[in-house]
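Protein chains in written order, with our numbering: chain R, 1 to 521; chain D, 1 to 249.
One thing to keep in mind: the hints can contain errors.
[Said to hold, decoys possible] So the derived label-pair ranges between C-beta atoms look like this:
1. R/501 - D/85: 52 to 62 angstroms
2. R/373 - D/225: 40 to 50 angstroms
3. D/127 - R/391: 35 to 45 angstroms
4. R/7 - D/217: 35 to 45 angstroms
Hints are computed from structural coordinates only; laboratory data are not their basis.
All residues carry an ideal CB built from backbone N, CA and C; glycine is no exception.
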Amino acid sequence: MAELHAKEAPSRVHELEAWGAVFDRTKEGKISQRNFGGHRYPRLAHVGDRTGLELIRTLQDHGIHQGISVHMEYTIVSLLKDGDRVVGAFGYDRERGRFRIFKAKAVVVCTGGLGRAYAVTSNSWEGTGDGVSLAYHAGAELLDMEFIQFHPTGMIWPPSVKGILVTESVRGEGGVLRNKDGKRFMYDDVPENYRSQTSTDPEEGWRYTQNDKTAKRPPELLTRDHVARCINREVKAGRGSPHGGVFLDISWIKERIPNSAEHIKRKLPSMYHQFMQLANLDITKEPMEVGPTTHYAMGGIRVNGETQATNVPGLFAAGECAAGLHGANRLGGNSLSDLIVFGKRAGEFAAKYAKENSAGKVNDAQVETAYKEAVEPFERPAGGGTEGPYQVQYDLQNMMQANVGIVRLHNEMEFALDGIQKLKARAARVAVQGHLEYNPGWHTAIDLKHLLTVSEAITLCSLDRKESRGGHFREDFPNKDSEAQKYNAVIAKAADGSMKLRREPIPAMREDLKQVIEEMK
Amino acid sequence: MNKQVTFRIWRGDATGGEFVEYQTEITEGLVVLDVIHKIQATQANDLACRWNCKAGKCGSCSAEINGMPKLMCMTRMDTLNTDKPITVEPMRAFPSIRDLATDVSWNFRVKTKIKKFNPRKPDAEDGTWRMQQEDVDRVQEFRKCIECFLCQDVCHVLRDHHKHEEFIGPRFLVYTAALEMHPLDTEDRLPELKQSQGIGFCNITKCCTKVCPEHITITDNAIIPLKERVVDEFYDPLGWLWKKIRPQG
Numbered sequence: 001m002a003e004l005h006a007k008e009a010p011s012r013v014h015e016l017e018a019w020g021a022v023f024d025r026t027k028e029g030k031i032s033q034r035n036f037g038g039h040r041y042p043r044l045a046h047v048g049d050r051t052g053l054e055l056i057r058t059l060q061d062h063g064i065h066q067g068i069s070v071h072m073e074y075t076i077v078s079l080l081k082d083g084d085r086v087v088g089a090f091g092y093d094r095e096r097g098r099f100r101i102f103k104a105k106a107v108v109v110c111t112g113g114l115g116r117a118y119a120v121t122s123n124s125w126e127g128t129g130d131g132v133s134l135a136y137h138a139g140a141e142l143l144d145m146e147f148i149q150f151h152p153t154g155m156i157w158p159p160s161v162k163g164i165l166v167t168e169s170v171r172g173e174g175g176v177l178r179n180k181d182g183k184r185f186m187y188d189d190v191p192e193n194y195r196s197q198t199s200t201d202p203e204e205g206w207r208y209t210q211n212d213k214t215a216k217r218p219p220e221l222l223t224r225d226h227v228a229r230c231i232n233r234e235v236k237a238g239r240g241s242p243h244g245g246v247f248l249d250i251s252w253i254k255e256r257i258p259n260s261a262e263h264i265k266r267k268l269p270s271m272y273h274q275f276m277q278l279a280n281l282d283i284t285k286e287p288m289e290v291g292p293t294t295h296y297a298m299g300g301i302r303v304n305g306e307t308q309a310t311n312v313p314g315l316f317a318a319g320e321c322a323a324g325l326h327g328a329n330r331l332g333g334n335s336l337s338d339l340i341v342f343g344k345r346a347g348e349f350a351a352k353y354a355k356e357n358s359a360g361k362v363n364d365a366q367v368e369t370a371y372k373e374a375v376e377p378f379e380r381p382a383g384g385g386t387e388g389p390y391q392v393q394y395d396l397q398n399m400m401q402a403n404v405g406i407v408r409l410h411n412e413m414e415f416a417l418d419g420i421q422k423l424k425a426r427a428a429r430v431a432v433q434g435h436l437e438y439n440p441g442w443h444t445a446i447d448l449k450h451l452l453t454v455s456e457a458i459t460l461c462s463l464d465r466k467e468s469r470g471g472h473f474r475e476d477f478p479n480k481d482s483e484a485q486k487y488n489a490v491i492a493k494a495a496d497g498s499m500k501l502r503r504e505p506i507p508a509m510r511e512d513l514k515q516v517i518e519e520m521k
Numbered sequence: 001m002n003k004q005v006t007f008r009i010w011r012g013d014a015t016g017g018e019f020v021e022y023q024t025e026i027t028e029g030l031v032v033l034d035v036i037h038k039i040q041a042t043q044a045n046d047l048a049c050r051w052n053c054k055a056g057k058c059g060s061c062s063a064e065i066n067g068m069p070k071l072m073c074m075t076r077m078d079t080l081n082t083d084k085p086i087t088v089e090p091m092r093a094f095p096s097i098r099d100l101a102t103d104v105s106w107n108f109r110v111k112t113k114i115k116k117f118n119p120r121k122p123d124a125e126d127g128t129w130r131m132q133q134e135d136v137d138r139v140q141e142f143r144k145c146i147e148c149f150l151c152q153d154v155c156h157v158l159r160d161h162h163k164h165e166e167f168i169g170p171r172f173l174v175y176t177a178a179l180e181m182h183p184l185d186t187e188d189r190l191p192e193l194k195q196s197q198g199i200g201f202c203n204i205t206k207c208c209t210k211v212c213p214e215h216i217t218i219t220d221n222a223i224i225p226l227k228e229r230v231v232d233e234f235y236d237p238l239g240w241l242w243k244k245i246r247p248q249g
């Protein structure tokens with residue numbers, strides 16, 4: 001997948017440009033490219049600090065002229081099957097609460113992340129892992145669920161914005177991390193395998209951020225998991241900022257750049273406005289307070305790397321809900337390019353599958369069961385052992401945050417696994433009021449099943465992997481284990497309905513790819 | 001720092017509704033959307049409101065707070081007078097769905113009627129284009145739009161005069177400007193701007209610019225230049241004469 005990604009991403013970027021995207025330019029008028037953490041070459045085509053929005057808008061503006069039917073604000077509650085094969089989806093529109101059967105020869109799941117399983121997350125409320133859970137319950141295998149990326153820099157103050165992302169571009173443009181004593185603590189801990197590429201001199205690090213290709217990168221641009229743990233360490237050691245994070249400072253570049261305030265506003269406009277408006281803080285003058293936030297799931301639905309097909313015929317997945325491309329840890333910028341490269345592939349192979357197969361038959365009993373399950377929370381009267389959906393959700397989020405978070409321990413995860421079973425029992429007694437039309441309480445009740453499913457998968461896989469690698473860090477097993485490198489954790493639903501984990505050996509890498517990696521070392 | 005506040009929230013649907021008062025306690029550093037969520041979680045589980053990113057990026061939580069069109073996630077409580085009740089109601093230029101959620105689908109229908117991006121042939125040997133940053137700066141300003149539709153909500157042509165069939169509103173004038181000023185685009189959208197899209201209805205009161213959470217200078221940078229282009233094309237007497245007498249073909 002990494003090979004396809006590297007080979008096909010440039011064509012996808014040029015395709016976006018042909019559809020109207022306006023990327024930042026170089027002096028020669030080409031698309032400007034820059035660095036994120038862990039990159040050796042500046043490779044990211046970008047639009048200020050809002051590249052994702054540019055992708056959304058370009059695809060939307062292009063898509064509305066392609067004759068695509070759009071069903072906005074629909075929630076899918078179940079994937080429909082005919083034998084082994086997926087033949088459609090069953091869901092409702094949030095606006096009116098009307099249920100609807102979508103018959104389809106092929107279904108592509110692209111539901112994004114699962115950050116809502118944690119208390120501090122950069123994900124929207126929609127990051128409930130619903131697509132991963134729907135696919136799992138329809139028989140799809142999940143892969144690498146233990147690998148969750150905690151983005152090192154989320155806003156931590158004020159409380160209203162806790163978790164919201166401070167883009168890596170801030171560090172890419174020269175922003176530095178400091179503890180409460182003003183020390184750039186990232187210089188204290190540079191992992192062995194990155195030492196040759198990391199500057200020891202702040203001067204050189206600064207040149208790197210200003211596109212000097214001969215300079216080594218500053219340690220602030222090490223991989224996200226490492227930066228997140230370093231921040232965690234500073235805070236735990238009592239060297240954090242007033243609200244429990246560390247300082248991220250871009251304002252210092254006034255020492256290097258005339259008119260730095262204008263420069264920062266032009267390079268990081270969204271961040272400037274975000275802090276100005278939400279925290280009443282001018283990032284051109286003062287440092288920000290930041291801390292780790294749950295950002296991205298590397299694991300997800302297991303797919304064929306070429307076709308994005310799952311093990312369930314007719315079911316495909318792409319984007320964050322699919323697993324594989326990012327291994328144990330994702331590099332900055334690779335999420336957007338993942339979408340455009342593998343989103344295209346998923347669409348093409350799903351279309352091919354649809355052309356080659358006749359329509360399946362929708363099973364009425366299945367629809368009936370899914371409907372009953374969905375509306376059941378209305379039929380449980382308040383009181384008499386029931387409770388609202390929000391408290392169950394909060395309790396799950398706090399438990400996952402505390403016990404299956406950035407730093408993991410065997411006993412804590414055992415505790416969480418037990419807690420998930422107890423929360424499942426509570427979720428089965430959740431009651432909601434009102435009716436089907438645009439009812440957030442009801443939507444939250446339905447999401448609980450998905451949040452609990454993905455939380456269980458994350459916890460099972462994290463317990464099983466007795467080493468530290470990528471986004472998965474075990475305090476009881478802090479080092480990489482070369483034996484554990486040889487397998488992936490695969491999750492599947494057993495015949496009795498329980499969740500089962502098995503280890504599967506990773507196939508050997510092609511010789512020419514091995515060689516590429518050797519050359520890059 | 002904890003304080004008791006009163007929220008007056010509009011509850012209802014397309015058939016009608018009323019303001020309902022909720023008392024709740026707030027702490028330091030909250031925005032309006034936090035308080036709405038708290039009320040939703042503790043007092044009114046079924047209170048409908050759209051939201052998504054909670055960072056002013058997705059444009060979902062548009063509402064009218066004390067009568068001003070704003071994003072709920074970007075309105076800090078310390079910018080409001082909490083000694084008085086705070087009024088939160090849905091955008092009034094669009095039909096109600098329920099409570100704070102409105103039906104903004106008209107906007108998406110309008111967008112499909114605007115001629116799509118149509119680039120000139122690639123000019124570089126590698127099959128791509130060359131553009132200078134200074135030539136794309138102004139288009140990038142317009143492309144910051146998050147489609148919250150607050151500009152549409154505040155525009156009196158839509159809000160008070162309901163010209164939804166004759167006028168596309170500030171959002172789509174910005175959208176058209178981004179296409180018209182795109183260095184690669186070859187399409188001409190001026191005839192529709194003048195006719196079916198009703199650019200003449202805008203009398204540049206700049207209300208849209210004031211409410212834009214992305215600080216796009218909608219009126220000055222997008223609408224006025226488009227108006228000038230329309231005038232040059234259709235109302236310039238010398239230009240008109242030239243078009244009549246110029247050699248055809």
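Okay, the hints, checked on the actual structure:
1. R/501 - D/85: 52 to 62 angstroms: Since the Cβ atoms of residue 501 of chain R and residue 85 of chain D sit about 54 angstroms apart, the hinted range of 52 to 62 angstroms holds.
2. R/373 - D/225: 40 to 50 angstroms: Given about 55 angstroms between the Cβ atoms, the range is violated.
3. D/127 - R/391: 35 to 45 angstroms: With Cβ atoms ~57 angstroms apart, the hint is violated.
4. R/7 - D/217: 35 to 45 angstroms: Distance hint for residue 7 of chain R, residue 217 of chain D holds at roughly 41 angstroms.
Hint violations for this structure: numbers 2, 3, all remaining hints satisfied.
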